[in-house]
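Student: The residues making up each chain are set out below.
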Amino acid sequence: MTEVRLADESFLTDDFLRQLINVGEVDILVGVPTHNNAKTIGAIVETVQAGILKFFPRERAAIINADGGSRDGTRELVASAAIDDAQRRSKLYTLRTLHSISTQYGSSPARGTALRTILAAAELLRAKACSVISPESTQITTDWLTTLLRPVYSEEFDLVLPTYSRHRFDGILLTNLLYPMTRALYGLEIREPYALECAFSGRLGSQFLAQNPWHDETARAGSEIQFTLAAIAGQYRICQSFLGTKEHVDRRAADLVPALRQTVGALFSSLEPNFSLWNAKTGSHPIPTTGPAREFTLEPLRVNRKRLRGMFSTGVAELESVFQSILSPSTLAELQQIARLEDFRYSAELWVKTVYEFAAAYHKSVINRDHIIQALAPLFRGRAYTFLVENGNGSAADVEDNIEALCLEFERMKPYLLEIWNGRE
Amino acid sequence: MPLKQDALWYKRAIIYQIHVRSFCDSNGDGIGDFQGLDQKLDYLEELGIDTIWLMPFFPSPLRDDGYDIADYYSVHSSYGTLEDFKKFLESAHQRGIRVIIEMVLNHTSDQHPWFQQSRSSQENPRRDWYVWSDTDTRYQGTRIIFLDTELSNWAWDPVSKSYYWHRFFSHQPDLNYDNPAVREEMWNVMKFWLEMGVDGFRLDAVPYLVEREGTNCENLPETHAVIKELRRKLDEQFPGKMLLAEANQWPADLRPYFADGDEFHMAFHFPLMPRMFMGVKLADRKPITEILQQTPEIPPSCQWCLFLRNHDELTLEMLSDIERDYMNDTYAEDKTMRLNLGIRRRLAPLLDNDRRRIELMNGMLMSLPGTPSIYYGDEIGMGDNINLGDRNGVRTPMQWSGGWNAGFSAADPEKLYAPLIQDPVYGYPAVNVFSQRRTQHSLLNWMGRIIAVRKTTAVFGSGSIEFLYPANHRILAYVRQLDSETILVVNNLSNAAQAVELDLRRYHGNVPIEMFGKNIFPRVGELPYLLTLGPYQFYWFRLRRI
Amino acid sequence: MREMIVTELTQAMQELSRGFAHILPRIIVWAIIAFVGWVVAYGLRVFLRSILRLIKFDKLAENAGASQLLTRAALPSATELVSRFAFWVAWLGFILLGVSVLGIVGLQGQIARFFLFLPRLFVALFIMFFGLLGASFLSRAALLAAVNANLPSPRLLSVSIRTIIIIFVLSMVFEEVGVAEQTMLVAFGIVLGALMLGLAIAFGAGGKDLAQQFLEKRLVHGKKDEPKEDELSPL
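Respectively, the protein sequence lines represent chains A, B and C.
Counting the first sequence from 1 gives a position; our numbering is that position plus 11.
Counting the second sequence from 1 gives a position; our numbering is that position plus 1143.
Counting the third sequence from 1 gives a position; our numbering is that position plus 677.
Isolated chain A, as found in the complex (with noise of 0.2 Å):
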């Protein structure tokens, strides 16, 4: 039996305990972190409860929302998904009471106290399988329950991670830093390190919420891939399950920085403390997965890649005085002399060469660290470049082969890494 441990301070409210104590003990959770979703939410909860009541009408189910101030009547939406006696609307047929219940846990949205509260909810009421589901995964189905939350309740999985079919250009931060140097470093063929959407163990969510400093602005921003490399360094039993398509409700570039902050710089961040468990490691293995590990889609997409040139070059121009405290003179130079250049190829070694180095200045803080994630994102959309021009007209299969490339790149660099970060001190 886990023994409960919150944090000094109590950030649940008296309102949202009391909740708990009448939800009680369950084994299955869904946590839906929210903010002004009230556009897609209803449907999404409604699948939630569908699948439950489909895959899981004997268990005991619990929906938290942790909600980040929303004002246009999310909570209230989650809330009516609630099957019991006394609402008597819902003409569906349960065994059980269903509860949905919903807390504001703050004023403006964060991802990573939202996860907080959702983790502490499980281990008070001793959820056995958890899972997360984004407000915006409008392409949900019920088999969602089953594939992600199945794993962990039947097969004594810990965390089951998404896997989607996808475009090929969609995610490139994934498929070129986040994938390949997870992979690289701890071992294991993780596609989706970052989910907005998992299922886990009762105990490792627990352990996680313990562990975390939470406290810390960094490890809170990058909670999600905290979470997997969490998962990792516990040496806890993690698949994938594929969950169909994504999408994005809202396709516009997002900001670069944030998602950079929040993979990148957490990422960059955990190798510090879990440097006995990756340095040693060599190559990689692929983990459980269910479903194909990943499919693209090749629908055309409009990318402005004259922009991401552009910014590349004028980035690398600019910023010669923060480059030179952080990569090698070597490095800073090639990099010089490809963005002289009108059609450049930011070449697989050396694109892994940068991320090595920008690795080992975050470790030694050459500069303040949340400048060194900064200085990444003009380099990055060079590489952003030259990936959607070597893909351009390549089929699925020549995009993974790129990619399963990049990531032996990696692999093969990590002696590398290891040099520079024992270096000088």
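What the hints contain is simulated information worked out from the structure, not anything from laboratory work.
From the three backbone atoms N, C-alpha and C, an ideal C-beta is built for every residue, glycine too.
Among these hints, one or two may not hold up.
Partial chain A-side listing against chain C, Cβ under 7 Å, derived [to be verified]:
1. G182
2. V268
3. A270
4. Q385
5. P389
6. V410
With a straight-line cut-off of 30 Å between C-alpha atoms, the simulated DSS-like cross-links for lysine-lysine are [unchecked claim]:
7. B:K1424 with A:K139
8. B:K1183 with B:K1424
9. A:K425 with C:K736
Please arrange chains B and C on chain A, whose structure you already have, making use of the hints.
Tutor: Using the frame of chain A, we list chains B and C on its own:
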């Protein structure tokens, strides 16, 4: 204490279901009898029982434990004589205990002289007393009740070379209620026993009295007409007597059996019973509250009869498929425990011999709206023997002591009508009246106490019910009210301690007085009333404005 | 005559010896104070060095951009510099304290003034150091933000911010130290004012389109016409 005159006595009764054969053997033949039963009336009076319901004791080939009657006007020789019965009846009345007997209206044994005559030829005057047919295709679509043994509701009679209708075993042909002679005769039967002094009848299998083509042959208007007629005669000639319906139907279909207070006085609430078991297993009150929400209002002179177990299997008929599967998987994992659409186990084994759960279930039985019926032996937590066929596993001899034949009979053990329960957990040396009488906190003494507490108020039998719906779904809470008396009942259906906040604003200012210990609890205020309950614990509070 | 000279000489010698005897103890005391001061100063230097090493002062100095300056000037590391500086200040302080014992009139006042001046010197150095640190940090932050937002002339922006902050810091330092206070204040005011005016004119005249776009994006939630940006999402 002699019988009190009370037109609505059945609303305040505590019913105890006895099978004469199983209760006490006075003559050493291994079979219980009326003289033995007479000897045990003190025990029942002490327990607080005021109504006995006797299972069929008529002459019968006993192929359905007496429900196949071969003579309506006599007593089976194994159980004694008519004189013995009369004496027992008188003794019971002297102690203030009423007696209702079984009356199987729907069918007789195929050994009954009526059937023997009916089948003998097409011209026989009693030919029309049963439902005959040349083919077995009439009344298509009528469900079969004894699924495990019967393949059809028609049986071929080689003697009269035609088919006869039987809703139960094939050796129990259905009487034909379209025949006025049948109706007349059955009233005469009832009259015979009423004149002797019985206080009422449990009418077995009433939904099936009449058949009509193109229907499911259950709950037909013609059936209700038959009952109404019987009731009319009863009220005219024998006021103060009671008719109890055995109709395993959904609440909406049960309602017509009360009509406007001119059919049955009481009916068993079959759909509620399995849901009580389900609620405790799920630790969720939803099944219980929902069935009671669907239960219609009944006339003020009518009453539901509530029960936990009886002589039959725990019927799962009035459940949906998903509910039935759940009950079977959780209460009868061993498939030999399943019979027809039910589970043939006693109360204690069903509840894993968990004293807390047994108390909780009895607590609900005694506090939900209706008259409680206790199956013999459940007050001491008797076990069952599923190796005995059919439903005989729950009809083993009553365990009076740890001595010879559990004090049931002086005969050789091999002569007993059924073997005693002997395992170390439920066997008669462990579970018996004698030991439990001597143990202050035995289940038997606890049952006596809860019956006594229930009897201190008329609210439980006659009051209204209003459910509270606290957010904690493991708590079943309701308020019973009659005139100015208000009782709050709170039940914890889970095996873990619970905290619950009740919205008692309507009862603001009242002081809850716990009814067993009579201690006062904090006054009800404006804020939600917080209660904590141990595993399977329940509270009865009298809300007193003082 | 010779006797007079001898008497005068003897008298002079006696006065000298008297004077010497008068001042010798004081010199000895001064020497002792100086010696004690050296010990204390040395101890302080060691103590300060370990403290600074503990708080990774060198790292801070590097961030401030001070380390590079020091290396170029062939000076030792920041920690070393500060400890040595502290050593000399402390020892000098003790020496001067000892001098006051010598009783040389006129010097007392100056010494007192010196000691009064010291705290202000420290504060000024403090301001200078953290000011440089801040300037470096903020200018880099501005540079990165401007590059990532694709603004024109990010380096100009970064240098401008650094310059402004350094000027501000310098004027504070001078004010603290008390050197040409008024002049520095006025000069700073003029420079800053001119800079602001220039920026305003430049922005108003040349950047009004940019301003319009910026405001539109922030305040007008109307039609989101076809994104001229790409549809890529990094995650």
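Student: Does each hint fit the structure? Answer for all of them.
Tutor: Here's how the hints hold up against the structure:
With a least beta-carbon distance of about 6 Å to chain C, the hint placing G182 of chain A at the interface is held under the 7 Å criterion. Evaluation of the V268 of chain A hint against chain C yields a held restraint, the C-beta minimum of about 6 Å falling below 7 Å. Proximity of A270 of chain A to chain C holds as hinted, the smallest CB-CB distance being about 5 Å (cut-off 7 Å). Proximity of Q385 of chain A to chain C holds as hinted, the smallest CB-CB distance being about 4 Å (cut-off 7 Å).
Look at P389 of chain A: its Cβ gets to within about 6 Å of chain C, closer than 7 Å, so that hint holds up. Annotation: interface hint on V410 of chain A violated; nearest CB of chain C at approximately 14 Å, more than 7 Å. Simply put, K1424 of chain B and K139 of chain A have alpha-carbon atoms about 19 Å apart, close enough for the 30 Å limit, and the pair holds. In summary, the hint linking K1183 of chain B to K1424 of chain B is not supported, as the alpha carbons are separated by about 35 Å, beyond the 30 Å threshold.
About 27 Å separates the Cα atoms of K425 of chain A and K736 of chain C, which keeps this hinted pair within 30 Å; it holds.
Consistency note: the structure conflicts with the earlier hints numbered 6 and 8.
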